[in-house]
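Undergrad: If you're matching them up, the sequences are chains W and Z in order. Residue 266 is where the first sequence starts when you use our numbering, and the numbers rise one by one after that. Residue 266 is where the second sequence starts when you use our numbering, and the numbers rise one by one after that.
Quick list of simulated restraints, FRET-style, between CB atoms:
#1 W:Ala-276 with Z:Arg-502: 33 to 39 Å
#2 Z:Asp-443 with W:Ala-560: 52 to 58 Å
#3 Z:Gly-429 with W:Pro-444: 56 to 62 Å
#4 W:Asp-443 with Z:Gly-554: 42 to 48 Å
#5 W:Val-517 with Z:Arg-358: 24 to 30 Å
Don't read these hints as lab results, they were simulated from the structure. In this text, all values refer to a predicted model and were calculated from it rather than measured experimentally. Even for Gly, the Cβ is constructed at its ideal location relative to N, Cα and C.
Below are the chains, spelled out letter by letter.
There are 2 protein chains.
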Amino acid sequence: MVREMGLKARAAARVMATLPTEVRSGALGTLARLLEESRGAIEQANGRDVALARASGLDDALIDRLTLDGARIGALARDVRALERLPDPVGERFDRTVLPNGLRLCRQRVPLGVLAVIYESRPNVTIDVSALSIKTGNSVILRGGKETLHSNRALVALVREALGRKGLPQDAVQFVGDPDRARVLELLDLGDLVDVIIPRGGANLHRFCREHSRIPVITGGIGICHIYVDASADIERAIGVIHNAKTQRPSVCNALDTVLVHRSVAADALPRIVEALAPAGVVFRADPGAFECLAGHGAVRAAGPEDFDTEWMSLVLGLKVVGNIDEAIAHTNAHSMGHSDSILTGDPASAERWIREVDSAAVYVNASTRFTDGGQFGLGAEVAISTQRLHARGPMGLRELTTYKWVGEGDYHTRS
Amino acid sequence: MVREMGLKARAAARVMATLPTEVRSGALGTLARLLEESRGAIEQANGRDVALARASGLDDALIDRLTLDGARIGALARDVRALERLPDPVGERFDRTVLPNGLRLCRQRVPLGVLAVIYESRPNVTIDVSALSIKTGNSVILRGGKETLHSNRALVALVREALGRKGLPQDAVQFVGDPDRARVLELLDLGDLVDVIIPRGGANLHRFCREHSRIPVITGGIGICHIYVDASADIERAIGVIHNAKTQRPSVCNALDTVLVHRSVAADALPRIVEALAPAGVVFRADPGAFECLAGHGAVRAAGPEDFDTEWMSLVLGLKVVGNIDEAIAHTNAHSMGHSDSILTGDPASAERWIREVDSAAVYVNASTRFTDGGQFGLGAEVAISTQRLHARGPMGLRELTTYKWVGEGDYHTRS
Numbered sequence: 266m267v268r269e270m271g272l273k274a275r276a277a278a279r280v281m282a283t284l285p286t287e288v289r290s291g292a293l294g295t296l297a298r299l300l301e302e303s304r305g306a307i308e309q310a311n312g313r314d315v316a317l318a319r320a321s322g323l324d325d326a327l328i329d330r331l332t333l334d335g336a337r338i339g340a341l342a343r344d345v346r347a348l349e350r351l352p353d354p355v356g357e358r359f360d361r362t363v364l365p366n367g368l369r370l371c372r373q374r375v376p377l378g379v380l381a382v383i384y385e386s387r388p389n390v391t392i393d394v395s396a397l398s399i400k401t402g403n404s405v406i407l408r409g410g411k412e413t414l415h416s417n418r419a420l421v422a423l424v425r426e427a428l429g430r431k432g433l434p435q436d437a438v439q440f441v442g443d444p445d446r447a448r449v450l451e452l453l454d455l456g457d458l459v460d461v462i463i464p465r466g467g468a469n470l471h472r473f474c475r476e477h478s479r480i481p482v483i484t485g486g487i488g489i490c491h492i493y494v495d496a497s498a499d500i501e502r503a504i505g506v507i508h509n510a511k512t513q514r515p516s517v518c519n520a521l522d523t524v525l526v527h528r529s530v531a532a533d534a535l536p537r538i539v540e541a542l543a544p545a546g547v548v549f550r551a552d553p554g555a556f557e558c559l560a561g562h563g564a565v566r567a568a569g570p571e572d573f574d575t576e577w578m579s580l581v582l583g584l585k586v587v588g589n590i591d592e593a594i595a596h597t598n599a600h601s602m603g604h605s606d607s608i609l610t611g612d613p614a615s616a617e618r619w620i621r622e623v624d625s626a627a628v629y630v631n632a633s634t635r636f637t638d639g640g641q642f643g644l645g646a647e648v649a650i651s652t653q654r655l656h657a658r659g660p661m662g663l664r665e666l667t668t669y670k671w672v673g674e675g676d677y678h679t680r681s
Numbered sequence: 266m267v268r269e270m271g272l273k274a275r276a277a278a279r280v281m282a283t284l285p286t287e288v289r290s291g292a293l294g295t296l297a298r299l300l301e302e303s304r305g306a307i308e309q310a311n312g313r314d315v316a317l318a319r320a321s322g323l324d325d326a327l328i329d330r331l332t333l334d335g336a337r338i339g340a341l342a343r344d345v346r347a348l349e350r351l352p353d354p355v356g357e358r359f360d361r362t363v364l365p366n367g368l369r370l371c372r373q374r375v376p377l378g379v380l381a382v383i384y385e386s387r388p389n390v391t392i393d394v395s396a397l398s399i400k401t402g403n404s405v406i407l408r409g410g411k412e413t414l415h416s417n418r419a420l421v422a423l424v425r426e427a428l429g430r431k432g433l434p435q436d437a438v439q440f441v442g443d444p445d446r447a448r449v450l451e452l453l454d455l456g457d458l459v460d461v462i463i464p465r466g467g468a469n470l471h472r473f474c475r476e477h478s479r480i481p482v483i484t485g486g487i488g489i490c491h492i493y494v495d496a497s498a499d500i501e502r503a504i505g506v507i508h509n510a511k512t513q514r515p516s517v518c519n520a521l522d523t524v525l526v527h528r529s530v531a532a533d534a535l536p537r538i539v540e541a542l543a544p545a546g547v548v549f550r551a552d553p554g555a556f557e558c559l560a561g562h563g564a565v566r567a568a569g570p571e572d573f574d575t576e577w578m579s580l581v582l583g584l585k586v587v588g589n590i591d592e593a594i595a596h597t598n599a600h601s602m603g604h605s606d607s608i609l610t611g612d613p614a615s616a617e618r619w620i621r622e623v624d625s626a627a628v629y630v631n632a633s634t635r636f637t638d639g640g641q642f643g644l645g646a647e648v649a650i651s652t653q654r655l656h657a658r659g660p661m662g663l664r665e666l667t668t669y670k671w672v673g674e675g676d677y678h679t680r681s
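Pulled out of the complex, with its shape left as it was, chain W reads as follows:
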């Protein structure tokens, strides 16, 4: 059955790739309207998921993640409309050149083909990914988590309705509704029909995909994020950035995990950081150097051996004292998952070294790590945040769902 979906997706992708911008973007306008008109039906389907989640004892935070109320549905529709208005990367020609023999050459952006997106809980992913995929002329096979099965089914039905109304192939968006894990394995095995696997979830899901597929897998969405407070940093303002990066939304991948502090400012900065963040509920894991500066603070514990390799996803913050920027960069490159890392400094030379030497998808100078996000970066939305090196790094928006072909136009040119 999943193989059949793959065949249909491939056929739909061939059609999608030849449709003009207006048609693909137009379907997004229809989808936004359908979302608004169908609030009641979506809330009803979502209500079943929420009831099942409560019955199975999921905690409030998780239930909040999967809940869709009228306001959230309205926001989804607005996001789809924003995407509708963004420029279409497909068809764009770049690197135009004329070879010495007169052959005109360029690269032309084309859809990636068939995407398979495997995700957990949040139902808004269903709409975000469908809309990005339609806008870029791809086909997508969605496999959502079982906690949002009813919501996802209702949302995908609307997406397909929008495609149908605008004359686009409905199989450009398909949903694997059978919750059996065997279906995921079948999806991972569609080597000739799926061009890229995009997992959205924890490290286990990413590993599972990589181990069971020969299709390229986009790894990402996992970050052990660092902020390094350099000797020249403005400590007061640094505390504001650290507070934001840690507490604004602690459960996401670009939230702060570890603060590195230059030895020369540690005795001053560390107690102030702890005093500013502890009232927000933050607790701390300090390396010996940091622990020394923080004697008597109730929220501070000595860090254990694995604490600097843990993505906290909660109000825990690692603290470590470093002797210099070399040590800060080395620690970051050794422990970061290559997601988002920031330096707070007044010294342009330190800033330049951080940018050049920290090997992460997003490197910042004097900014919160929380900015790494397709919406924040102006990409409209994101299908994932890649921490791998090939194809795309960081937030993947419209352009990252395309590839290119070379186009050569001549006058019966032959190679000499």
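Using the hints provided, position chain Z relative to the given structure of chain W.
TA: Just chain Z now, kept in the frame of chain W:
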């Protein structure tokens, strides 16, 4: 042992990524000089490979492929110098923008990291790949074919000598000299140390790499290339292009495999194509429609069931009559490996449809398929020709050996 090479490659890559352009490019100048000064030693090492190849009964064409004489070594040195002069993509900043909150954002090009290139026979690949890798600040682990072991060892020694003289880490270029196939498996298993596997060889090598590695593999270098002669084509000039695409170098991946001819011109065009190419030694496999137009031609046989799915690599050419451009596009998309396909036409609407609908790395209008090549495209050289969709498509030169990081620069910016 291979794992140790991986660790050294990763350490060298960290250093390479921080070196300025002049240093990386400078090493290429030194390498070019060393190649010229060491012609005698290279020829001597290559002589051993050639003698062993003769003794093991390799045919003349293969022996020619692996032979390095003074002229070929000179050409290698010239290619390295040309690469030295090309602009360096590393460090380039693009997509600069200032977010509404004032955060300055851009993407900055950085090296890919550690490459593993697994290739067969031709020793010039050793120099091409090493030079591309050094220029772009990557590390590379090379695994060449056993037929050129002595030549490759001599060439890699010169590359490492050049790196050392210029103060670059010698482990940025390493060579797996042990011909045991188990070493390839070890290389494919270095998931944490190698960023991309680039196989250069036949379909079996590509499949082997994909099946035995969780590292991203660049698939490519295999093409079943088509030329479609549209109803409006200039037949005389079309024959020139077909002749070039088929006979100029029949053993390479961008050589022509199948000619599709529009029914309305088939009776005129097909006999003329056969008469023009047969004297060059070309033999033909014709589908029923084409066979009908070619009665009595000694060089023409009826095509068998797999002939249109065969990459000929020799002077064999498939011929097929199609009813219209839809059929030509459908046949091409079904049988091409997504490498290079060309339309010969006088009709702009047909040209546009071919460009949009043929799903290959390189699509041409009125040009030979033979142009798909890093040198021809002005990329300097190529590390491979990708026929996959992710990351890079078609010839992979300097830029395709890089990725990017996002750089955000602010004034203690926080996300609201």
